[in-house]
Amino acid sequence: MRILGLVIVILCGSILIYHTSDFPDWGHPASPASTHVSPYYIEKALDDTAVPNIVTAVLADYRGYDTMFETTVIFCAGIACFFLLRITRRMEPSVTLYRHLPTGITLRIEKGGKEPDDSNIFKRIDTQWVPYDLIINTTCRMVIPFIQLFALYVISHGHHSPGGGFQGGVILGASVILFAISTDLRTAISRMSERLGAFLSATGVFIYAGAGALCLVLGANFLDYSALAPVLNVNSVMARSHGILIVEIGVGLAVMAVMIWIYYNLSSAGRHDEGL
Amino acid sequence: MNEILTTIISKYNYWGFILLMMIGLYAMMVKKNLVKKIIGMNIFQTGIILFYVSIGVKKGATIPIISHGHGKEKHVIHAAEYINPLPHVLMLTAIVVSVATLGVALALAIKVYREYDTLEEDEINKKIRDQAK
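From first to last, the protein sequence lines are chains A and B.
At position 255 of the first sequence (counting the first as 1) the number is 255 in my numbering, and the numbers step up by one without a gap.
At position 75 of the second sequence (counting the first as 1) the number is 75 in my numbering, and the numbers step up by one without a gap.
Since the hints were derived computationally from the structure, they do not count as laboratory data.
Note that the structure is a prediction, hence the values are computed from the model and not measured.
Treat the hints with care, since some could be wrong.
Claimed, not checked - Dumping the calculated EDC-like pairs for lysine to aspartate or glutamate here, alpha-carbon to alpha-carbon at most 20 Å:
#1 A:123 <-> A:184
#2 B:74 <-> A:43
#3 B:11 <-> A:48
#4 B:58 <-> A:25
#5 B:59 <-> A:25
#6 B:11 <-> A:22
#7 A:44 <-> B:81
To be verified - Stretch by stretch, here's where chain A covers chain B in the computed footprint (C-beta under 8 Å, at least three residues):
#8 36–50
#9 56–64
Unchecked claim - Pulled from the structure, derived: some chain B residues nowhere near chain A, Cβ distances all over 12 Å:
#10 2
#11 74
#12 81
#13 93
#14 106
#15 116
#16 118
#17 123
#18 126
#19 129
#20 132
#21 133
C-beta: ideal position from N, C-alpha, C; glycine also.
Take the sequences, apply the hints, and build the full model.
Right, here's the structure in full:
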């Protein structure tokens, strides 16, 4: 099997490498990919949509239908992880560990034992080895607000600089995942619950599709944001710019929520009690 | 000699991506461990993403964000001054979708591990055959 695989891979690779001689040279300005539709995007995007970042303009306006279903794909991935992994019935763990905070002693409580209830003195910890995490906790607590601020900047400034809904959403999700890693999964879920994650991911897709449907109601094509001009009280070019922002916010919400949701399900294998 | 050198310089990026794709394909076909197969799939996706991004390159052009995009005065925009934005758009969404597929693949791997207590392909096959008997 190993030799057969190697033979197939070498055969495939050599056929592909042989045919690269038909490909355009690297960086050739007249390559087929850069000659047909892309000059139109580059020369007309600013006049059509008032968005200097052409990537954002193409992503959310010219190819908005494609991006809407990419967002739906991400939403479906979140749902698929949920249905594959989530264990909803409560499983009593055989052993729970508590740390006595003033002394640092770890209490091991077998099944059926009485659990301490003073949460200011006793803190539940994961059954895997948990080191003291003062430095990690403090660093993350200071860094996470700035990560989230930067994520909001990336989403809102996607018109003028590299960025947009996908990137900003991933950074926002990463900040919550960093919080879950630096403390533990239970604390993260108590701050940002699974229900909120599911709700926000659906809301993101709804904002995107809703913006498209609103254009339809106002008498234009689906996702033709220039129809929003009377609603937003701007001219039709700026309406397309604002429409892109609305859609990017929806994408950012959906991506953030799905990243967090997938992380919760994967790291605890669907039990949502102990994880990374 | 000079001709070979120009061929190498103008085509070596494609060879790199093909190498990455073939590494991924090999890992998906030959490796027995399911997590290694998933990593192979990710390497394959990375090869394709890099391939698309390198298609968009134009010599002497800058990133596809129009300078002097603000203000009232009009500047003439030449398509040759900016690299092709279309592959960047496609790959921007493909990266996030590849993360999502990675999540689903890992979820399936966890499900398999719960069922069979192993991620090795031949051991899973053996257990399935034993169950059928």
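Outcome of the hint check:
1. A:123 <-> A:184: holds (11 Å)
2. B:74 <-> A:43: Holds: residue 74 (chain B) and residue 43 (chain A) sit about 12 Å apart, inside 20 Å.
3. B:11 <-> A:48: This hinted pair is violated, its Cα atoms lying about 36 Å apart.
4. B:58 <-> A:25: Given that 20 Å is the threshold and the Cα spacing comes to 10 Å, the pair holds.
5. B:59 <-> A:25: holds (10 Å)
6. B:11 <-> A:22: Holds, because 10 Å separates the two Cα atoms, which is no more than 20 Å.
7. A:44 <-> B:81: Between residue 44 (chain A) and residue 81 (chain B) the Cα gap is close to 14 Å, so the pair holds against 20 Å.
8. 36–50: violated (count 0)
9. 56–64: holds (count 8)
10. 2: Check passes; 15 Å lies beyond 12 Å.
11. 74: Per Cβ check, residue 74 (chain B) is inside 12 Å of chain A; nearest 9 Å; violated.
12. 81: Violated, because the least Cβ-Cβ distance between residue 81 (chain B) and chain A comes to about 8 Å, which does not exceed 12 Å.
13. 93: Residue 93 (chain B) is in fact no farther than 12 Å from some Cβ atom of chain A, at 4 Å.
14. 106: violated (6 Å)
15. 116: Consistent with the label, residue 116 (chain B) stays out of reach of chain A, its closest Cβ about 15 Å off (over 12 Å).
16. 118: Per Cβ check, residue 118 (chain B) is outside 12 Å of chain A; nearest 15 Å; holds.
17. 123: holds (15 Å)
18. 126: holds (16 Å)
19. 129: Check passes; 17 Å lies beyond 12 Å.
20. 132: Label holds. Min Cβ-Cβ 22 Å, cutoff 12 Å.
21. 133: Given that every Cβ of chain A is farther than 12 Å from that of residue 133 (chain B), nearest at about 24 Å, it holds.
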